[in-house]
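K.L.:
Produce the entire structure from the sequences given, and follow the hints as far as they go.
Listed here are the chains, written in short residue letters.
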Amino acid sequence: MRAAAGPPRRTVLLRTALAAALVFCAVAGWLDWRARADEDLAHARARDTALADGRRHIARLHTLESRSVRDGLDGWLDATAGPLRAELERTRGESGAVLEQEGTTARGTVTDAALTALDTRAGTARVLATVRVRLTPRDGEPTTDRKRCEATLTRTADGWKLTQVTTVPVGAA
Amino acid sequence: MSGRETRASGAVASEVVAPEGVASEVVASGAASSGAAGSGPAAPPTRRLPRRLPRRLRAAAAVALTVALLAAGGLLLAHARHLTAGDAAGNRALTDTAATDRVTVEVSDALHRVFSYGPDTLERTERDAETLLTGPAAADYAELFPRVEQEVGAQELTLTTHTVRAGVTELTADRARLLVFLDQTARRAGHEPTTTAAQLTVEAELRDGRWRITDLTPR
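The listed protein sequences correspond, in order, to chains A and B.
Count the first sequence with numbering that gives the first Met the number 0 and you get residues 0 to 172, in order.
Count the second sequence with numbering that gives the first Met the number 0 and you get residues 0 to 218, in order.
Don't read these hints as lab results, they were simulated from the structure.
Check each hint, because a few of them may be wrong.
As the list claims (entries may be wrong) - Just so you have them, the derived chain B footprint on chain A, three or more residues with Cβ under 8 angstroms:
no., region
1, 26-35
2, 44-54
3, 91-103
4, 136-143
Don't be surprised by glycine CBs; every beta carbon is placed ideally from N, CA and C.
P.N.:
Structure follows, in structure tokens:
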């Protein structure tokens with residue numbers, strides 16, 4: 000009976016809804032594709048990721064709890080890649096013993112940081128950072144040290160890692 | 000939302016079942032009549048049944064597809080928004096290299112001019128500061144300057160400031176934030192020159208075609 004009166008109202012409604020959903024999905028897909036294809040946007044995202052990773056790793060490299068030197072050194076390895084990581088791996092045993100004996104706790108805070116170069120194709124970046132390091136010796140008063148650092152970053156499968164960290168000396172022009 | 004859609008699909012499916020009841024009657028009578036007419040009795044049911052069954056499935060599939068499309072569209076839209084609406088999109092530091100270089104050069108030059116002075120150049124420095132500094136930075140500088148004048152006069156002090164490294168952290172059409180590493184060399188009569196390091200977070204704004212420093216924070 001209903002078939003004779005043409006497609007039921009529900010069928011019409013269903014078709015309209017399907018068509019509308021199709022259009023909605025197509026528009027959303029296009030907007031998303033456009034956002035993904037935007038090179039400036041991709042570059043900006045890479046910049047923010049590299050800076051955030053750089054900040055975190057630089058702070059970590061200036062931090063060491065005297066009670067868990069080994070964990071701290073593992074953290075250093077995790078923050079680095081390439082030659083810096085190799086260097087830290089090579090000296091790990093020796094530095095661990097020295098640092099444990101010294102018993103000084105260091106807590107580094109990055110007070111500001113900025114990227115000065117970013118090559119997303121090569122996966123490299125250069126970052127500046129000012130670091131405040133609070134040193135607490137085993138016995139004695141804590142002191143605060145301020146440093147200015149320059150570091151190079153390399154993109155790895157596990158995010159951006161430090162490949163070199165240097166203090167920018169006075170008179171370095 | 001998807002729960003409601005799923006119920007709707009059930010409703011539609013049961014609705015479609017009703018005509019099928021009618022259809023099976025039609026099929027039965029059709030088979031009977033066609034059997035009486037002498038034509039192939041198997042032909043009408045095979046033609047009709049596939050048409051009825053997909054119709055029910057089609058409705059359910061259409062609902063499912065609608066829901067899936069709405070969900071996918073929603074996710075895509077959320078993702079696109081996430082990409083474009085974040086802080087990353089508005090910040091042109093390093094993405095606009097020309098603008099990044101320009102603000103770096105102009106801010107470095109401003110810091111050099113404002114924080115370099117000697118007995119013969121104090122007046123010029125003060126004049127430069129009036130145009131290169133604005134807002135809180137100008138107020139702080141004005142407060143500091145009498146002491147500078149006194150020191151310069153008493154010790155024959157000459158201070159030279161230059162930027163060693165600078166990086167832009169935020170950049171819009173008319174606002175910028177930079178991290179700057181400075182070296183400051185002080186020469187006093189009868190003393191060896193001494194160079195000290197200074198690090199500043201600099202806020203600047205572009206006004207009348209030039210970047211002016213609005214705020215300075217030592218780091």
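K.L.:
Does each hint hold? Answer for all of them.
P.N.:
Here is how each hint holds up against the structure:
no.: 1; hint: 26-35; in the structure: holds (count 8)
no.: 2; hint: 44-54; in the structure: holds (count 4)
no.: 3; hint: 91-103; in the structure: violated (count 0)
no.: 4; hint: 136-143; in the structure: violated (count 0)
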